[in-house]
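Put together the whole structure using the sequences plus the hints.
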Amino acid sequence: MTRRNTPLQIKLTPLSNSKVKASMTNMGSEGFNLFYTGSFLDSEAPIDRLIVHGTATRARFMGLLVQVSMKDPIETQFLPILPGQTIDTIIDMAELYDMEVSDRYTIQARGSLPFAELGSTRLTGLSLPYASNVISMDVDGAEAAKVPYAVLNLRQKRAELECSSERNAILKQARESCAMLAGNAAKAAQSGRLMQEYFKSTSDSVVSQVVQRFNAVAEECASNSAPSKSSVSCTDVNELCSKPGYIAYTNPSSNVITYCDIFYEGLGALTGQCGVQDQANTVVHETTHCPDVFSPYTLDYAYGPAVTNLNSDQAVLNADTYRMYAGAIFGNCSDS
Numbered sequence: 000m001t002r003r004n005t006p007l008q009i010k011l012t013p014l015s016n017s018k019v020k021a022s023m024t025n026m027g028s029e030g031f032n033l034f035y036t037g038s039f040l041d042s043e044a045p046i047d048r049l050i051v052h053g054t055a056t057r058a059r060f061m062g063l064l065v066q067v068s069m070k071d072p073i074e075t076q077f078l079p080i081l082p083g084q085t086i087d088t089i090i091d092m093a094e095l096y097d098m099e100v101s102d103r104y105t106i107q108a109r110g111s112l113p114f115a116e117l118g119s120t121r122l123t124g125l126s127l128p129y130a131s132n133v134i135s136m137d138v139d140g141a142e143a144a145k146v147p148y149a150v151l152n153l154r155q156k157r158a159e160l161e162c163s164s165e166r167n168a169i170l171k172q173a174r175e176s177c178a179m180l181a182g183n184a185a186k187a188a189q190s191g192r193l194m195q196e197y198f199k200s201t202s203d204s205v206v207s208q209v210v211q212r213f214n215a216v217a218e219e220c221a222s223n224s225a226p227s228k229s230s231v232s233c234t235d236v237n238e239l240c241s242k243p244g245y246i247a248y249t250n251p252s253s254n255v256i257t258y259c260d261i262f263y264e265g266l267g268a269l270t271g272q273c274g275v276q277d278q279a280n281t282v283v284h285e286t287t288h289c290p291d292v293f294s295p296y297t298l299d300y301a302y303g304p305a306v307t308n309l310n311s312d313q314a315v316l317n318a319d320t321y322r323m324y325a326g327a328i329f330g331n332c333s334d335s
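Under numbering that gives the first Met the number 0, the first residue of the sequence shown carries the number 0, and numbering increases by one thereafter.
Keep in mind that the hints are not guaranteed to be accurate.
[To be verified] Label pairs and their calculated CB-CB ranges:
hint, residue 1, residue 2, range
1, Pro82, Asn132, 16 to 24 Å
2, Asp87, Ala141, 25 to 33 Å
3, Ile134, Ala168, 47 to 55 Å
4, Asn331, Val236, 33 to 41 Å
5, Val236, Gly83, 16 to 24 Å
6, Thr123, Ser42, 47 to 55 Å
7, Arg166, Ala141, 38 to 46 Å
8, Lys20, Gln195, 31 to 39 Å
9, Cys233, Ile134, 35 to 43 Å
Calculated from the structure, these hints are not laboratory results. From the three backbone atoms N, C-alpha and C, an ideal C-beta is built for every residue, glycine too.
Set out below in structure tokens:
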């Protein structure tokens, strides 16, 4: 589905100072079971839910970037929406973005939602794009500064990063495979292969950005004993790994990546299967989230097959587009 014919209508309404209400209405004639985990509807995690711009630049995101499993999702990861139904969610932007400087901010919700049929948890492989209205709000920075950030620990201590020897061995192998995937993807992107399908452009500027990011990821993953510009934590200090489907999350403020149990116990090392999440391409995804590896860091506009709904500007900044592309090159997936 394209944005032009998507049945989801999102309306943002300003509330007090840094709070907004997002109202999602199903304007279509059929209902959907929306896979909402990790989306702007997910209020249980400090994730990037809106596009927030100040007068001069985009507001700095102070939350976490998450990766969720698309395999065998369970009922609690879905939110049903019937024809004509409206679902409201309240977002306090000061919990997620640095708004401590008084400014006039423009805000929008934009992305896409995978879905199953009503009553089912089997994803269709399709997604419903959405783009809300754009609103402007004058935010009092002093008031916004009184709101605590939703992240439990912005900067972790070294002791919290330590992993067991068994998990270190898995991470070492995954990083080596990540370096291979990213290196091969950089070469393929340089030649233009599958660029139109995944990044919606073969222009020199887009190719250059994609190649540079993949090369930076390859270099980071190839670091000898441990990543050099990012860190890996085996302590779930932000208490997200207990939530269904969470594979990993990255804190861009500290360049710390946390891999959850499902990463170590539920994913294959390097499957080579088109579109399938594995340990190697998950590391590619998470490493693109680290600003010290390559800036600007990627966000999570869409996951899985939904990445093909993004425009070029979004695709070059979408982590799962890099995961999917690297996997497609390695698995020799066609563009059909």
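Status of the hints after comparison with the structure:
{"no.": "1", "hint": "Pro82 / Asn132: 16 to 24 Å", "verdict": "21 Å, holds"}
{"no.": "2", "hint": "Asp87 / Ala141: 25 to 33 Å", "verdict": "28 Å, holds"}
{"no.": "3", "hint": "Ile134 / Ala168: 47 to 55 Å", "verdict": "49 Å, holds"}
{"no.": "4", "hint": "Asn331 / Val236: 33 to 41 Å", "verdict": "39 Å, holds"}
{"no.": "5", "hint": "Val236 / Gly83: 16 to 24 Å", "verdict": "42 Å, violated"}
{"no.": "6", "hint": "Thr123 / Ser42: 47 to 55 Å", "verdict": "24 Å, violated"}
{"no.": "7", "hint": "Arg166 / Ala141: 38 to 46 Å", "verdict": "44 Å, holds"}
{"no.": "8", "hint": "Lys20 / Gln195: 31 to 39 Å", "verdict": "38 Å, holds"}
{"no.": "9", "hint": "Cys233 / Ile134: 35 to 43 Å", "verdict": "41 Å, holds"}
Against the hints set out earlier in the document, violations occur for numbers 5, 6.
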